[in-house]
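Engineer: Just so you know, the protein sequences line up as chains A and B, in that order. Residue 81 in the UniProt record's numbering is what sits at position 81 of the first sequence, and the numbering runs on without skipping anything. Residue 25 in the UniProt record's numbering is what sits at position 25 of the second sequence, and the numbering runs on without skipping anything.
No wet-lab data here; the hints were simulated from the structure. Treat each hint with caution, since some may be false.
When the alpha-carbon atoms are kept at most 27 Å apart in a straight line, the in silico BS3-like pairs for lysine-lysine are as follows [what the hints assert, rightly or not]:
| hint | chain 1 | residue 1 | chain 2 | residue 2 |
| --- | --- | --- | --- | --- |
| 1 | B | LYS61 | A | LYS91 |
| 2 | B | LYS43 | B | LYS28 |
| 3 | B | LYS36 | A | LYS91 |
| 4 | B | LYS61 | A | LYS71 |
| 5 | A | LYS71 | B | LYS43 |
| 6 | B | LYS36 | A | LYS95 |
| 7 | A | LYS95 | B | LYS41 |
| 8 | B | LYS28 | A | LYS95 |
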Amino acid sequence: PAFTETIFFILIYRKIPFEVSAVGSLSSDSTTMSGPDASGFSEGQQQELLQAIETMQTRDSMRMYNNLVEKCFTDCVDSFRRKDLDATEEKCVQKCCEKFMKHSARVGMRFGEFTAAAEKQMAGLQGK
Amino acid sequence: MASQQPDSSQALILAQQEMEYRVALFNKMVTSCFDKCIDRKYKDGDLNVGENSCVDRCTSKYWQTTGIVGQLLGTGQA
Chain A
1 PAFTETIFFI LIYRKIPFEV SAVGSLSSDS TTMSGPDASG FSEGQQQELL
51 QAIETMQTRD SMRMYNNLVE KCFTDCVDSF RRKDLDATEE KCVQKCCEKF
101 MKHSARVGMR FGEFTAAAEK QMAGLQGK
Chain B
1 MASQQPDSSQ ALILAQQEME YRVALFNKMV TSCFDKCIDR KYKDGDLNVG
51 ENSCVDRCTS KYWQTTGIVG QLLGTGQA
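Just chain A, with the same shape it has in the complex (with noise of 0.2 Å):
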């Protein structure tokens, strides 16, 4: 069956000055970014994974950037008489930056939360 993994692990975004969110970091357990069995990693592996880690995080916040810019500019930007955006588009596109980073990390909370639930219910379904 899928989703039986024992290993659990939170990602903290911080590759680009806008914190998106630190996914599970909220949570009341820990901050670590492994989860209770990476002590059976040997040092070399907890280093690759420390490094998967990294990479993910830089590919996913240079997603993350196109993909608000792509937003933004769809919900703000209609009319293209002149070349530079005018005050309100410009303002619109702030509003829209902020409110989309701020959303992100209210998800992130929430995500947080429900996984470090996951995360004990599986713990109790092990007997540990």
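Starting from the structure of chain A, add chain B where the hints point.
Structural biologist: Structure of chain B alone, referenced to chain A:
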């Protein structure tokens, strides 16, 4: 043949895959709930109380949906 624990190289791959899955899940959750809850007129840079509540409920329902789909996919393959 019972597999007590995946060997550590397998576990590493599993862990990475799970991470990717989680990131994708999170991103889709953000996008879906943004589309469903946030007013596109962007009158303000902050989320109002209604939007906050909507986001909380949306994430909860999204998570539950994930659970149900996961269950059904699991039993469907068994």
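Engineer: Run every hint past the structure and note whether it holds.
Structural biologist: Taking the hints in turn, this is what the structure says about them:
1. Distance check on the hinted pair: LYS61(B) and LYS91(A) sit about 32 Å apart at the alpha-carbon level, beyond 27 Å; violated.
2. A threshold of 27 Å between alpha carbons decides the hint, and for LYS43(B) with LYS28(B) the separation of about 24 Å falls inside it, so the pair holds.
3. Only pairs whose Cα atoms come within 27 Å are accepted, and LYS36(B) paired with LYS91(A) is accepted, the gap being roughly 22 Å.
4. Taking the CA atoms of LYS61(B) and LYS71(A), the gap is about 24 Å. The hint holds against a cut of 27 Å.
5. A hinted pair counts as satisfied when its Cα atoms are at most 27 Å apart, and LYS71(A) with LYS43(B) qualifies at roughly 16 Å.
6. Restraint check for LYS36(B) and LYS95(A): satisfied, since their Cα atoms lie roughly 18 Å apart, inside the 27 Å limit.
7. Note on LYS95(A) and LYS41(B): the hinted pairing holds, with a Cα-Cα distance of about 9 Å set against a maximum of 27 Å.
8. As the CA atoms of LYS28(B) and LYS95(A) are separated by approximately 21 Å, the hinted pair is consistent with the 27 Å bound.
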